[in-house]
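Engineer: Sequence:
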Amino acid sequence: MDLYWIWSIVAIAGKGFSIIAADTRLSSGYSIHTRKQKKTFKLTNNTVLGSTGCWCDTLSLTSLLSYRMQSYVHTHQKTMSTNAIAQLISVMMYNKRFFPYYVSNILAGLDEEGNGVIYSYDPIGHCEKTTYRAGGTAGALLQPEKAISIAIDTFISASERDIYTGDSVVICVITKDGIEEKTENLVTLVVLLLPLTLFHPPQLLYSRDVISSCRAPGPFNV
Numbered sequence: 070m071d072l073y074w075i076w077s078i079v080a081i082a083g084k085g086f087s088i089i090a091a092d093t094r095l096s097s098g099y100s101i102h103t104r105k106q107k108k109t110f111k112l113t114n115n116t117v118l119g120s121t122g123c124w125c126d127t128l129s130l131t132s133l134l135s136y137r138m139q140s141y142v143h144t145h146q147k148t149m150s151t152n153a154i155a156q157l158i159s160v161m162m163y164n165k166r167f168f169p170y171y172v173s174n175i176l177a178g179l180d181e182e183g184n185g186v187i188y189s190y191d192p193i194g195h196c197e198k199t200t201y202r203a204g205g206t207a208g209a210l211l212q213p214e215k216a217i218s219i220a221i222d223t224f225i226s227a228s229e230r231d232i233y234t235g236d237s238v239v240i241c242v243i244t245k246d247g248i249e250e251k252t253e254n255l256v257t258l259v260v261l262l263l264p265l266t267l268f269h270p271p272q273l274l275y276s277r278d279v280i281s282s283c284r285a286p287g288p289f290n291v
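In the numbering used here, the protein residues as written are 70 to 291.
Keep in mind the hints are simulated off the structure, nothing from the lab.
Predicted, not measured: the structure shown is a model, and the values here were computed from it.
Where hints are given, some of them may not hold.
[Unchecked claim] Here are the simulated lysine-lysine pairs, DSS-like style, with alpha carbons at most 30 Å apart:
(1) Lys107 with Lys165
(2) Lys111 with Lys198
(3) Lys215 with Lys245
(4) Lys107 with Lys84
(5) Lys251 with Lys84
(6) Lys215 with Lys84
(7) Lys147 with Lys105
(8) Lys245 with Lys105
(9) Lys215 with Lys107
(10) Lys198 with Lys165
(11) Lys111 with Lys245
(12) Lys251 with Lys215
(13) Lys165 with Lys84
(14) Lys111 with Lys251
(15) Lys215 with Lys111
(16) Lys251 with Lys198
(17) Lys107 with Lys245
(18) Lys147 with Lys251
(19) Lys165 with Lys215
(20) Lys107 with Lys147
(21) Lys107 with Lys251
(22) Lys165 with Lys111
(23) Lys84 with Lys111
(24) Lys165 with Lys147
(25) Lys215 with Lys147
(26) Lys165 with Lys245
(27) Lys84 with Lys198
(28) Lys215 with Lys198
(29) Lys198 with Lys107
(30) Lys105 with Lys251
(31) Lys215 with Lys105
(32) Lys245 with Lys84
Starting from the given sequences, assemble the full structure and let the hints guide the process.
Structural biologist: Below, the structure written as structure tokens:
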């Protein structure tokens, strides 16, 4: 079984914040290697990298990136900005264009003005700066709490359809005050109710709440 493209990342940016979330399931084929593997990497106090794809390539890229960032600090006596890190990742991936990393990266952080920004990459390092936010007249009113809710709903829906996504989601909320990390369980409960009589066929009940809050009709309690 290949180890490529086996998990998911979501990033949302707004005024004064950015959010990046990734599930914690590490698997290949029908095998789950671990349910608690974080795929977000804190680079600075206002920058987080999410990396998907071949796990060994992810570790190689992030280790080399950490070394390059430390060298920058020793040389310039300051930490790299989000934009500088974005350019560094682009150059590092382009240098491997003839034998590329099998990874897809999303960088989330704050720009020089303190606003959220997202950078996405193709396999050979092409970098695109994007900002995902609500459209229309209410677009500027998107708050971190709503963005977190959107990210969680996205992973709940994905985990119902994709066997490579599930278990938990790690959410990094990036603001001017630093990075706050949250972990949410992805609970998708499927209860098969046996027919009580010939006139009551089995039912499938889907719940996105915690198991303790779910109640099935009839004598079957969950």
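Engineer: Work down the list of hints and note, for each, if the structure agrees.
Structural biologist: How the hints compare with the structure:
1. Lys107 with Lys165: Distance ~25 Å between Lys107 and Lys165 Cα, so the pair holds.
2. Lys111 with Lys198: With Cα atoms ~19 Å apart, Lys111 and Lys198 stay inside 30 Å; holds.
3. Lys215 with Lys245: holds (18 Å)
4. Lys107 with Lys84: With a Cα-Cα distance of about 26 Å, the restraint between Lys107 and Lys84 holds, given a limit of 30 Å.
5. Lys251 with Lys84: holds (20 Å)
6. Lys215 with Lys84: This hinted pair holds, its Cα atoms lying about 13 Å apart.
7. Lys147 with Lys105: It is violated: about 33 Å lies between the C-alpha atoms, which goes past 30 Å.
8. Lys245 with Lys105: holds (28 Å)
9. Lys215 with Lys107: Measuring from Cα to Cα gives roughly 23 Å; hence the hint holds.
10. Lys198 with Lys165: Roughly 21 Å between the alpha carbons, so the hint for Lys198 and Lys165 holds.
11. Lys111 with Lys245: Given pair Lys111, Lys245 holds - Cα atoms ~15 Å apart, limit 30 Å.
12. Lys251 with Lys215: Roughly 14 Å between the alpha carbons, so the hint for Lys251 and Lys215 holds.
13. Lys165 with Lys84: Violated, because 34 Å separates the two Cα atoms, which is more than 30 Å.
14. Lys111 with Lys251: Holds, at roughly 13 Å.
15. Lys215 with Lys111: holds (22 Å)
16. Lys251 with Lys198: holds (25 Å)
17. Lys107 with Lys245: This hinted pair holds, its Cα atoms lying about 23 Å apart.
18. Lys147 with Lys251: holds (28 Å)
19. Lys165 with Lys215: violated (38 Å)
20. Lys107 with Lys147: holds (27 Å)
21. Lys107 with Lys251: Roughly 11 Å between the alpha carbons, so the hint for Lys107 and Lys251 holds.
22. Lys165 with Lys111: Cα-Cα ~23 Å, so holds.
23. Lys84 with Lys111: At roughly 20 Å apart (the allowed maximum being 30 Å), Lys111 and Lys84 satisfy the hint.
24. Lys165 with Lys147: Given that 30 Å is the threshold and the Cα spacing comes to 27 Å, the pair holds.
25. Lys215 with Lys147: violated (33 Å)
26. Lys165 with Lys245: violated (34 Å)
27. Lys84 with Lys198: holds (15 Å)
28. Lys215 with Lys198: Cα-Cα ~22 Å, so holds.
29. Lys198 with Lys107: Roughly 24 Å separates the two Cα atoms, so the pair holds.
30. Lys105 with Lys251: Holds. Lys105 to Lys251 sits at ~13 Å (cutoff 30 Å).
31. Lys215 with Lys105: The given pair, whose Cα atoms are some 25 Å apart, holds under the 30 Å limit.
32. Lys245 with Lys84: holds (11 Å)
Hint compliance for this structure: hints 7, 13, 19, 25, 26 are broken, all remaining hints hold.
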